[in-house]
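Visitor: Listed here are the chains, written in short residue letters.
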Amino acid sequence: MAEVNEGAAAPSARSDYSRYPGTFKPPAILIQRAWLRRTLWIAALVWLVLALSTIEVNWVRVAEGMERGWRFIKGFLTPDFTSRWKDISAGLVESLTMTMTSTVAGVLLSVPIGIGAARNVAPSVVYYLCRSIIAVSRSLQEIIIAILFVTMFGFGPFAGFLTLTFATIGFMAKLLAEDIEDIDESQTEAVRATGASWLQLINYAVQPQVMPRLIGLSLYRLDINFRESAVIGIVGAGGIGATLNTAIDRYEFDSAGAILLIIIFIVMLAEYSSGFVRKWVQ
Amino acid sequence: MSGPAFRSTHTLLEVSQLSKTYAAGDKALDDVSFSIPAGQVVGLIGPSGAGKSTLIRCINRLVEPTSGTISLSGTNITGMSTSELRSVRRRIGMIFQEYALVERLSVMENVLSGRLGYVSFWRSFTRHYPKADVQKAFALLDRVGLIDHASKRADALSGGQRQRVGIARALEQDPELLLIDEPTASLDPKTSRQIMRLLLEICNEQHLPAIINIHDVVLARQFTERLIGLQAGRIVFDGSPAELTESVLTRIYGEEDWTTLDHETEAA
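Here the protein sequences come in this chain order: A and B. Just so it is clear: in the first sequence, position 266 is 266 by the working numbering, and no numbers are missing. Just so it is clear: in the second sequence, position 149 is 149 by the working numbering, and no numbers are missing.
Keep in mind the hints are simulated off the structure, nothing from the lab. Just to be clear, a hint being listed does not mean it is correct.
[What the hints assert, rightly or not] Output of the computed footprint for chain A on chain B, the stretches with three or more beta carbons under 8 Å from beta carbons of chain A:
1) 102-115
2) 127-141
[As the list claims (entries may be wrong)] Computed from the model, here is a short list of chain A residues facing chain B with C-beta under 10 Å:
3) Thr78
4) Gly195
5) Leu201
6) Tyr204
7) Pro208
Note that beta-carbon positions come from the ideal geometry of N, C-alpha and C, so glycine has one too.
Let the hints inform the model, and build the full structure from the sequences given.
Guide: Encoded structure:
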C-alpha cells in the first residue's frame, strides 16, 4: 500500500521513538489570541466587581422582611384549604380550562408554522415568514403579552387563554422546526422518489419521524402552561394566579400556601405522567 | 407481462451529455452518455466520489443536473416541471443503501408508499388505498418472503429484511426502471448475495431494466450483464464483465493489486 510510511512500520522491533517529539500542548479551542483571551477575562472580572459593589442591602428592611417571610412560610406549613375553597376551586377550574384550551390551540397553530419554519421542507419565503412569527412570539415574555391582552380584552381567563396560546406557538413551532430539520433525510428522499406530493411527503416521511417529540413537547407545554397560568393571573389574566394574588393581598398566607401546594402537586403529576407517555410513544 | 420471446430491445433510458456541477464547484459528472435497452441490468462501478450516486439521482431528479438530457421511453425528464416530475418519478423505482424505510411506519405502509405517486393525498392520509394496490403489496411481500411481517414496524426488522421491504416498495410503483444505490453496502456477504440474487430474479421475471450502483467489483461481475465504470465523473469503461480486465480496473480505481483484492472480498 502506497499510503503507509515504511519508516514508521515496526516500532515494536526496537522501541526507539526518540525521533518523535516528547511533549505536546493542547490548542486553545475558543480564542486563539492570548491577549484577547486575557482581556475578556479581565473585562468579565471588572464587570462582576462593579456589579457586586453597587448592590445596596438595607439590613433593617431585611430584618422586617424576615418577619413577613416567616409568616408566609408558617402559612405555607399550615395550609388552609377550606375557608377559601370556593375561590380556590373556581380559580383552579379556570386555570385548567385555560391550560387545556391554550395548549390545544397553540399546538394546532404551531404545527403548520413549525413545518413552515423548517428549512429542509419549506420554501424560503415561507421559511422566513414563519421564523419571524416564532421570533416575535419568543421575544415577548408571557407577562408582557398578558398585560397587553388584559388591556385589550379585560380581566379574566380569555386574556389568559390568548397569552398562553401565543406563547405556546413560539415554543412549540421553534422546537418542532428544529426537530424536522434534524430528521433522517434518506427517508424523505425515498418517499420523494416514489413520486409523492409535498403533503404526502410531510405525512409519510416527516410526521412519523417527529411525532414522538411532538407529543412529548405538547405534554411538556401543557405543564408549562399550567405554571404560567398561575403567573399571568397575577397581572389580571384570571385563573389560579388571580386567586393566589388575592390571597396574598389579603395577607391570607395559609390560603396562599394551600394554593401553592395545589400548583406544586398538579405540576408534579403532569411531570410524572408526561415522562411516562413520552417513553410509551417512542 | 411479456415472455422472453416477445422481449423488445428498444432504448428505454437515454442519457446524453449529462453534467452536474455542485454549488461548491465540484464537478460530479462530466459529459456522461449511455443508453439502456429494455430489460438490461447494468452495474455502475467506480471508486467513492466518482459520481455514481449523483448519476442515478439525476435520473429521477432527486439531484438536478446542470446540463444534458435524460429521456425515459422517449419522454424528456430533464425539461419537466415539478408537477410533471411526480408522474415520471412514480415510473422509476429506487432502492437505497441504508434501506431508507420510514422506520416508524409498518412494513405494509412502507410498501404502499410506493403508490403515493398514484393516489390522492386524502387516500394516502387515511391509508385507504385501492384494493388492487393492497393486493399487489401483499403479493410483493409474499414474493420477497415477508408476508408474515406486514404489520410489523419497519425498525423491528433485520437489515436483509429491510432491504426486501425496500425492494417491495420500489416494485409497488409498477416501475419501468429500477435505480439501485449500493443495495448491499450495509449487509453481510451472504445476505448481500441473497439480495442481489433476488433483485436479478425479479428483474428477469418482469423484464425490468435496472442500474445498480455497486462498489463491490466481485458482486458486480457476478450478477450484471453489463458494467459501466465511472471515474471522476466520466465514463471510462462500458462493456461486459468479461471485458473488465485488470488494466481496466486500474483505469477505474487506480493502481492496486487486483487479484489480492478480489481474493480478500471473496473471503470476507
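Visitor: Any hints this thing doesn't respect? Which numbers, in order?
Guide: Hints 2, 3 contradicted; others consistent.
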